[in-house]
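**Student:** These are the residues of each chain, in order.
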Amino acid sequence: QQPVQSPQAVILREGEDAVINCSSSKALYSVHWYRQKHGEAPVFLMILLKGGEQKGHEKISASFNEKKQQSSLYLTASQLSYSGTYFCGSNNNAGNMLTFGGGTRLMVKP
Amino acid sequence: DTAVSQTPKYLVTQMGNDKSIKCEQNLGHDTMYWYKQDSKKFLKIMFSYNNKELIINETVPNRFSPKSPDKAHLNLHINSLELGDSAVYFCASSQVAGANVLTFGAGSRLTVL
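Protein sequences appear in the order of chains A and B.
Residues in the first sequence are numbered from 1 upward in steps of one, following my numbering.
Residues in the second sequence are numbered from 111 upward in steps of one, following my numbering.
A few of these clues could be false.
[To be verified] Result set (BS3-like, lysine-lysine): computed pairs, CA atoms no more than 25 Å apart in a straight line:
| no. | chain 1 | residue 1 | chain 2 | residue 2 |
| --- | --- | --- | --- | --- |
| 1 | B | K154 | B | K119 |
| 2 | B | K146 | B | K162 |
| 3 | B | K150 | B | K162 |
| 4 | A | K26 | B | K146 |
| 5 | B | K129 | B | K181 |
| 6 | B | K181 | B | K146 |
| 7 | B | K150 | B | K181 |
| 8 | A | K59 | A | K26 |
| 9 | B | K132 | A | K26 |
| 10 | B | K146 | B | K132 |
| 11 | A | K37 | B | K154 |
| 12 | B | K151 | A | K109 |
| 13 | B | K177 | B | K154 |
| 14 | B | K177 | B | K132 |
| 15 | B | K154 | B | K129 |
| 16 | B | K181 | B | K162 |
| 17 | A | K109 | A | K37 |
| 18 | B | K150 | B | K129 |
| 19 | A | K109 | B | K150 |
| 20 | B | K154 | A | K50 |
| 21 | A | K37 | B | K119 |
| 22 | A | K37 | A | K68 |
| 23 | A | K37 | B | K151 |
| 24 | B | K162 | B | K132 |
| 25 | B | K132 | A | K37 |
| 26 | B | K119 | B | K177 |
| 27 | A | K50 | A | K26 |
| 28 | A | K26 | B | K154 |
| 29 | A | K26 | A | K37 |
| 30 | B | K181 | B | K154 |
| 31 | B | K129 | B | K119 |
| 32 | B | K119 | B | K146 |
| 33 | B | K119 | B | K151 |
| 34 | A | K59 | A | K109 |
| 35 | A | K37 | B | K150 |
| 36 | A | K37 | B | K146 |
For the record, the hints were derived by calculation from the structure and aren't laboratory data.
These figures come from a predicted structure and were not determined experimentally.
Please put together the full structure from these sequences, using the hints given.
**Tutor:** This is the structure:
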């Protein structure tokens, strides 16, 4: 089952914050976040395993709420380089492959 | 050295033709994948190979046939191309099978006319 991402698109000014959500109808084992810049391959950002942990990468962090079956990606003080499409991938046990959400297109303007 | 490389980067062809995309990884990973990304940006897994063995074959027309001659290579052959096959095809690899970190290739954009 494909996770659902929201919002589908967001436009920010440099320095503003954003939150991208990823929800699943099934129990989650892990959530992965990837960023894809226009015309390029998706690049891994971080992985979260069940346990409600938070992780960080530059000024990007994420949380994982196992009970709510969702993960959120927080982009703080956004930079132009944050522009791209963000994908969450999830699975419901360690052996399963990832299923990706539909992506959230983020545009950061000067 | 590119970690996951795929060729060609662009492919334009007529309906009904047969084409292949090649992928190679130099990361020493055990598992390789083919993903299809359509015009709406949905990333869907098509196939996964672990040490040359097919472990995932999602609902994909049998016109698509993957081949893995060794664990560093995974090729995709497509017969009788259709308009709906137009997409970007990404090869990826991971250390082991399962929900492992994926390293993607740069993608191969296939356009069927």
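**Student:** Hint by hint, say whether it matches the structure.
**Tutor:** Status of the hints after comparison with the structure:
1. B:K154 x B:K119: holds (19 Å)
2. B:K146 x B:K162: Holds. K146 of chain B to K162 of chain B sits at ~20 Å (cutoff 25 Å).
3. B:K150 x B:K162: violated (31 Å)
4. A:K26 x B:K146: holds (24 Å)
5. B:K129 x B:K181: holds (22 Å)
6. B:K181 x B:K146: Within the cut-off at roughly 20 Å; holds.
7. B:K150 x B:K181: At roughly 31 Å apart (the allowed maximum being 25 Å), K181 of chain B and K150 of chain B break the hint.
8. A:K59 x A:K26: violated (29 Å)
9. B:K132 x A:K26: violated (35 Å)
10. B:K146 x B:K132: This hinted pair holds, its Cα atoms lying about 14 Å apart.
11. A:K37 x B:K154: Holds, because 18 Å separates the two Cα atoms, which is no more than 25 Å.
12. B:K151 x A:K109: Within the cut-off at roughly 22 Å; holds.
13. B:K177 x B:K154: holds (19 Å)
14. B:K177 x B:K132: OK: K177 of chain B and K132 of chain B at ~10 Å, within 25 Å.
15. B:K154 x B:K129: Holds, because 20 Å separates the two Cα atoms, which is no more than 25 Å.
16. B:K181 x B:K162: holds (5 Å)
17. A:K109 x A:K37: holds (15 Å)
18. B:K150 x B:K129: It holds: about 23 Å lies between the C-alpha atoms, which stays within 25 Å.
19. A:K109 x B:K150: Within the cut-off at roughly 23 Å; holds.
20. B:K154 x A:K50: holds (24 Å)
21. A:K37 x B:K119: Judged against 25 Å, a Cα distance of about 16 Å means the pair holds.
22. A:K37 x A:K68: violated (29 Å)
23. A:K37 x B:K151: Measuring from Cα to Cα gives roughly 12 Å; hence the hint holds.
24. B:K162 x B:K132: holds (15 Å)
25. B:K132 x A:K37: The given pair, whose Cα atoms are some 23 Å apart, holds under the 25 Å limit.
26. B:K119 x B:K177: It holds: about 19 Å lies between the C-alpha atoms, which stays within 25 Å.
27. A:K50 x A:K26: Measuring from Cα to Cα gives roughly 13 Å; hence the hint holds.
28. A:K26 x B:K154: holds (18 Å)
29. A:K26 x A:K37: Distance of about 29 Å is beyond 25 Å: violated.
30. B:K181 x B:K154: Holds, at about 22 Å.
31. B:K129 x B:K119: holds (13 Å)
32. B:K119 x B:K146: holds (14 Å)
33. B:K119 x B:K151: Holds, at about 17 Å.
34. A:K59 x A:K109: holds (17 Å)
35. A:K37 x B:K150: holds (15 Å)
36. A:K37 x B:K146: Satisfied, since the Cα-Cα distance of roughly 17 Å is no more than 25 Å.
In this structure, the earlier hints numbered 3, 7, 8, 9, 22 and 29 are contradicted, and the remaining ones agree with it.
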